[in-house]
Amino acid sequence: MFALYQLTLLAGILLLPLALVMRKAGITLPVHRAVSRANETYEEVDTDTTS
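In terms of full-length UniProt numbering, the sequence shown opens at residue 1 and continues consecutively.
Take the hints with a grain of salt, since some may be wrong.
Stated by the list, open to error - Quick list of simulated restraints, FRET-style, between CB atoms:
#	residue 1	residue 2	range
1	T41	A19	17 to 25 Å
2	I27	D48	19 to 27 Å
3	V45	A25	33 to 41 Å
Simulated from the structure, these hints should not be mistaken for laboratory data. Note that CB positions come from ideal geometry on N, CA and C, so glycine has one too.
Please work from the sequences and hints to get the whole structure.
Below is the structure:
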């Protein structure tokens with residue numbers, strides 16, 4: 001699960017320049033939802049394994 005979390009963050013970082021250009025054009029990408037969901041899932045798994 002950690003690898004998926006890291007890949008999601010990497011995708012967000014790599015898409016940042018595109019997102020900035022698109023934002024100037026008035027279009028937004030919902031990448032924050034994917035990162036938030038991956039973060040929540042990672043924290044749930046991490047909490048389960050440390051308990």
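Hint check results:
Take T41 and A19: their Cβ atoms lie about 22 Å apart, and the range 17 to 25 Å holds. Taken as a hint, the range 19 to 27 Å is violated for the pair I27 and D48, whose Cβ atoms sit roughly 38 Å apart. Between V45 and A25 the C-beta distance comes to about 37 Å, which sits within the given range of 33 to 41 Å.
Comparing the model with each numbered hint stated earlier shows that hint 2 is the single one that does not hold.
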